[in-house]
Structures are given as C-alpha cells and as structure tokens.
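Here are the chains, one letter per residue:
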Amino acid sequence: MNIVVDLNRCQGYAQCAFLAPQVFEMHGEEALMYLPVPPEDQLERVRRAAAACPVQAILVGEEAGADVR
Amino acid sequence: MSGDLRDGRIVIVGASLAGLRAAETLREKGFAGSLTLVGEDPRPPYDRPPLSKQVLLGRVPAEDTGLPLRRPVDAQWKLGVRATGLDPIEKRVLLANGEQLPFDRLLITTGTRARPWPNPAEAALDGVFTLRTSEDAGRIAERLDAGPRRVLVIGAGFTGSEIASACRERGLDVTVAERGPAPLVGALGGSFGALAAKLQRAHGVDLRCGVTVTALTGNGRLTGAELSDGSRIEADIAVVALGAIRNTEWLAESGLAAGPRGLACDAGCRAFNMYGIVTDDVFVAGDVARFPHPLFEYQLLSLEHWGNAVEQAEVAAHNMVSPGPLRRPHLAVPAFWSSQFGLNIKSVGVPTFSDQVVLAQGSPKEARLVAVYGYRGRVTAAVSVNQAKSLEYYQRLIETAAPFPPEPVGTDRPEPMTPVPSDVPDPAVLSHGPTVALTGHLPDRRLTLVRR
Ligand SMILES: Cc1cc2nc3c(=O)[nH]c(=O)nc-3n(C[C@H](O)[C@H](O)[C@H](O)COP(=O)(O)OP(=O)(O)OC[C@H]3O[C@@H](n4cnc5c(N)ncnc54)[C@H](O)[C@@H]3O)c2cc1C
Ligand code: SF4
Numbered sequence: 001m002n003i004v005v006d007l008n009r010c011q012g013y014a015q016c017a018f019l020a021p022q023v024f025e026m027h028g029e030e031a032l033m034y035l036p037v038p039p040e041d042q043l044e045r046v047r048r049a050a051a052a053c054p055v056q057a058i059l060v061g062e063e064a065g066a067d068v069r
Numbered sequence: 001m002s003g004d005l006r007d008g009r010i011v012i013v014g015a016s017l018a019g020l021r022a023a024e025t026l027r028e029k030g031f032a033g034s035l036t037l038v039g040e041d042p043r044p045p046y047d048r049p050p051l052s053k054q055v056l057l058g059r060v061p062a063e064d065t066g067l068p069l070r071r072p073v074d075a076q077w078k079l080g081v082r083a084t085g086l087d088p089i090e091k092r093v094l095l096a097n098g099e100q101l102p103f104d105r106l107l108i109t110t111g112t113r114a115r116p117w118p119n120p121a122e123a124a125l126d127g128v129f130t131l132r133t134s135e136d137a138g139r140i141a142e143r144l145d146a147g148p149r150r151v152l153v154i155g156a157g158f159t160g161s162e163i164a165s166a167c168r169e170r171g172l173d174v175t176v177a178e179r180g181p182a183p184l185v186g187a188l189g190g191s192f193g194a195l196a197a198k199l200q201r202a203h204g205v206d207l208r209c210g211v212t213v214t215a216l217t218g219n220g221r222l223t224g225a226e227l228s229d230g231s232r233i234e235a236d237i238a239v240v241a242l243g244a245i246r247n248t249e250w251l252a253e254s255g256l257a258a259g260p261r262g263l264a265c266d267a268g269c270r271a272f273n274m275y276g277i278v279t280d281d282v283f284v285a286g287d288v289a290r291f292p293h294p295l296f297e298y299q300l301l302s303l304e305h306w307g308n309a310v311e312q313a314e315v316a317a318h319n320m321v322s323p324g325p326l327r328r329p330h331l332a333v334p335a336f337w338s339s340q341f342g343l344n345i346k347s348v349g350v351p352t353f354s355d356q357v358v359l360a361q362g363s364p365k366e367a368r369l370v371a372v373y374g375y376r377g378r379v380t381a382a383v384s385v386n387q388a389k390s391l392e393y394y395q396r397l398i399e400t401a402a403p404f405p406p407e408p409v410g411t412d413r414p415e416p417m418t419p420v421p422s423d424v425p426d427p428a429v430l431s432h433g434p435t436v437a438l439t440g441h442l443p444d445r446r447l448t449l450v451r452r
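Listed in order, the protein sequences are those of chains A and B. Anchor point for the first sequence: position 46 equals 46 in the numbering used here, and the numbering is continuous, going up by one each time. Anchor point for the second sequence: position 451 equals 451 in the numbering used here, and the numbering is continuous, going up by one each time.
Among these hints, one or two may not hold up.
The calculated label-pair distances, taken between Cβ atoms and stated as ranges, are [to be verified]:
1. P72(B) x D41(A): 48 to 56 Å
2. S231(B) x L59(A): 45 to 53 Å
3. D41(A) x N119(B): 31 to 39 Å
4. V81(B) x D41(A): 53 to 61 Å
5. E40(A) x A121(B): 44 to 52 Å
6. P323(B) x E40(A): 24 to 32 Å
7. T400(B) x G28(A): 43 to 51 Å
Computed from the model, here is a short list of chain A residues facing chain B with C-beta under 8 Å [what the hints assert, rightly or not]:
8. L7
9. L19
10. G65
Hints are computed from structural coordinates only; laboratory data are not their basis. Where a beta carbon is used, it is the ideal one built from N, C-alpha and C, also for glycine.
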C-alpha cells in the first residue's frame, strides 16, 4: 500500500501526525512530510489517519503499475 | 450517451501523474475499450514533489515514491519506450522501438524535463546533476550522504530553493547562484523574492543573485564553478535547476500546435492543430498543456503544478468519453505548494498576473503571512506562508474577481495595508523557470502557407 497527500488541500491540521506519527510528521509549523510507502505494521494507523483527515487529503491505495514490474 | 465513446482504443502517451489519473478516470466513467499507457521512464508512475524534499533529506529512498492507485486501470503498460511521432491521419503513435500503436482517441501527458546545463562537456562532469526523475533524486541523495564540501545550486526557482533547503538541513554548505534579483521572483514577483532572499541567508545559504555561472570546472570530476562577477566557488556537486523544457519535440511533424511553451488546447483539453483548429480525438493534460483560462483574460496558461496535472487529467478523461454537450471545461484556479526552510508556502491564482501586491495578513517577521496580488483593481492571486487555512477565502475572491485591495480580514492584519508594485520580472532575465506562465494567445510557430 502506498500513500499520497494532496498538499494543496492539506491545511496542516496534523490529525494524521497524531494518529500515525511514524508516517506523518509536521516539518516546521505547517508543512506535512510523510513516507509515501509506510511500513506494513503502520497500515492500520495510516487508514485511520486517512479517515480522520478533515479535508480528505490522504489517498491510500495499491502502488500503480505494481503488476508491470 | 453514445456507446462508441465508451469503447474503442485509447492511448495515453506519458505515464506519470496526469497519465495515471486520466487512466483511472476513464475507467471510472465507464470506458470499457482497450487502454494503453506509454512511458519513457522505465518506472511506473511515481510522485515527484517528494524528490526535492523527503528524498533529498535522506528520509525516503527515491524508489519509495510510487503513486497509489485510486482504482484498477486494466491497462497495457509500455514502459521504458519513447514515443517518437504521431500520424494524425492514420491515427497512430510511433514508438522508438519501431512499434506503431493505432488509436481512436489519444491523450498526451508527456510533461516536462529538466533544462540541461548548456555546455555538454561541463554537464558531463561527474558531480553535475539535474533533478526531475526519481533516478536523478536517488543519485543526488547518495552524493549528499557522502558529505560533499559544498553544493552549488544553479537557479533559485522552487526546485533550486528546495534543494538548497535540504542541503542546509543536512548541515551542508551550499551556494545558490541566480541571474535574477532574488529567489522565486519568476513565480511570485520581486516583493516576495526579497523575502525569500532574506530567508535563505538567515538559514546560512550563500546566496548570489544577479550573477550567472559562466563555467563549471573540473577534470572528469567537478571541482568548482566560475561566476560572471569574477568569483570562483569550490564545489563537489552542482545541481542545475534552470527550469523545465516541455516534451513536445516528438510532435514536431504531427501538425499539432506544439512548441516550446507546450501543446495548446481548448478549455475542454482538446488539442489545437497548427492552424488553430481544434481536434476532436487528441487531448492533452498536465505540465505539457497550454490552456485558456477565463479568469486570466483567456490567455493560454502553462503550469508546472501537481494539482493542475490531476485536475486537468480528470477533465480530459471525462471529455474523452463524453459527447459534446456533456463535456466539462477545465476552470480550476491554479494552486501549488512548496516547503522550504521549515516554511509552508502555498499559492492560489496566478501571482505573475498582477501589477500590485499587498500584505493582507501576518508579517514577514513572524514568518506567517498572506500576500494578495491584484491586477487593475481586482484580486488575481494569493500566497500564504504558514497560513494555509486563509487561502480558501482568497481563492473565492479570485473566482469572483473581487476588488483589489481586498477588505481586511482576521485579527492579524498589518497596519497600514498599502499595496506595492508586485514587480514581476521578464522571465528572460532569470535562471529559473517561472513554473506558472501566461503565454498569450498566439501559437508558438508562425504559419507558412504551403501550396501543393
Ligand atoms: C523535484 C520536483 C518537485 C516538485 N514539487 C512540487 C511541489 O511541491 N508542488 C507542486 O505543485 N508541484 C511540484 N512539482 C511539479 C509536479 O511534479 C508536476 O507538475 C507533475 O509531475 C506533472 O505531471 P505530468 O504527468 O503532467 O508530467 P510529468 O510528471 O513530467 O510526466 C511526464 C511523463 O511523460 C514521459 N514522457 C515524456 N516524453 C515522452 C515520450 N516522447 N514518450 C513517452 N513518454 C514520454 C516522461 O518520462 C514522464 O514520465 C515538482 C516537480 C519536481 C520535478
Ligand atoms: S490530517 Fe489532513 S489536513 Fe491535517 S495535516 Fe494530515 S493531511 Fe493535512
């Protein structure tokens, strides 16, 4: 599972950083930095973070083109 | 809706952000025909913004940037192969491996590439890089890990500034050379540029503006650079961040309105041919597109923005499977973000489409502010620093062509609110590309009358 955050939409509310701190982190006061490929054992937390994001900016999904490699 | 639009053969050339999002949208809208994605990069679609941020900081390996799927695309992927031409009459895409791909509708999402260092021998020196692909980012990150004595960044646009920021955060010495008067002026104008210059210097960047790099020196390996003011810099790594070149060369013989500023299209993402006649089977989206926008006098816009690639791809895909009256225009207000030196910079509208700018909220000293741009008395753009929550409000002002300067809002408004010239420079005097450009109404090439 991979993630991408629409950072145009993200308003730095930091809910995700609270729910999955190993994957999402505030860099400075407002810039969100994240791991596009979260560790397996974090997926449950990532899903919860995606659901909690107030602007629904986090997309979680199968890596594109995984089947062509 | 007509059944045949949901069927047939669709080819997408350019398998990155725009190509992927279009493929997903086609399937979502019920396209049941054959779908082929052609990409020169051997890697399936990945996300570029992390390359100059997380990856250069060493927090994320360059390979760990693959884009997640929104839904299955059930496509044939042809990766690691370049499209070399387009036959619009036979409706075929020609590939570098000799293959020909017939299509009923074509989507062009070939984006941009990094502008290379103009001197090929110097560009070939070990230690000289550009940054566009994940492979580039991986190689630069590896060199940064090795602890170079100094990194030289040539060009202080968004990419160059983010690279410099990552270097400083790693504790590396970095020199930034920019021909223009300040960083970021190409996209945000002179007033904002002055702020960016202060920010870089406060973070220990050796920023040199108003100079050009006249030579990269070394013997096989880069050792330094010479500047136009006669000074010399010792550096083991140089990252050339001189902006982007649109990948349109492969369309040179196609008869489409393709040139250095992109491939021109209508508001519905349909490509124009070189006579200014709109095609109905060739669509375009993302960084390679040049499209008219009603908020900016219908001038053709060229954007190098993540959000535009996604939104335009969705509109293009929708229109590829919808009959005329159900087609949608691509009218989204341009928007982008950048994070550098610990700050979150966000923009809506087109800051270069302005004559004045006003500090509407916050202050540079607190590193929290909103600058609002106006053109002939109406709001055309807003840029926030660590104040993203305010931007939505200004976006509405832009969409409704509200009067400039705007009514004061919030409790943190500066006194007095005095507009100053936004000081947008001629892009020709900059090292970096503007990433958002108004490109007028004219085609890139002049027509010549051909008599047969
Ligand atoms: C380092 C970096 C940082 C960025 N940071 C930000 C940011 O913070 N915020 C923001 O808004 N935007 C940012 N961007 C811009 C954003 O990544 C782009 O707007 C986006 O990638 C555009 O997507 P695209 O699909 O239109 O084009 P591209 O991503 O350029 O993809 C085009 C694809 O087409 C392929 N191609 C080209 N020619 C051919 C051919 N002839 N045949 C076959 N395939 C071909 C290429 O290999 C490429 O994979 C950044 C870009 C970079 C490079
Ligand atoms: S929860 Fe959503 S809005 Fe908040 S920081 Fe995370 S992605 Fe951004």
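These are the hints, each one checked on the structure:
Between P72(B) and D41(A) the beta carbons are some 26 Å apart, a value that contradicts the proposed interval 48 to 56 Å. As the Cβ distance of S231(B) to L59(A) is approximately 47 Å, the hint placing it in 45 to 53 Å holds. The supplied range of 31 to 39 Å is broken by D41(A) and N119(B), whose beta-carbon atoms lie about 49 Å from each other. Restraint check, V81(B) to D41(A): a C-beta distance of roughly 38 Å breaks the suggested window 53 to 61 Å.
Remark: the range hint 44 to 52 Å for E40(A) to A121(B) is upheld by a beta-carbon distance near 47 Å. Evaluation of the 24 to 32 Å hint for P323(B) and E40(A) yields a failure: the beta carbon distance comes to about 46 Å. At roughly 32 Å, the beta carbons of T400(B) and G28(A) sit outside the given window of 43 to 51 Å. The closest approach between the C-beta of L7(A) and any C-beta of chain B is roughly 5 Å, which is under the 8 Å cut-off, so the hint is satisfied.
The closest approach between the C-beta of L19(A) and any C-beta of chain B is roughly 18 Å, which is over the 8 Å cut-off, so the hint fails. For G65(A), the suggested interface contact is upheld, since its CB lies about 2 Å from the closest CB of chain B, less than 8 Å.
When each numbered hint is compared with the structure, violations occur for hints 1, 3, 4, 6, 7 and 9.
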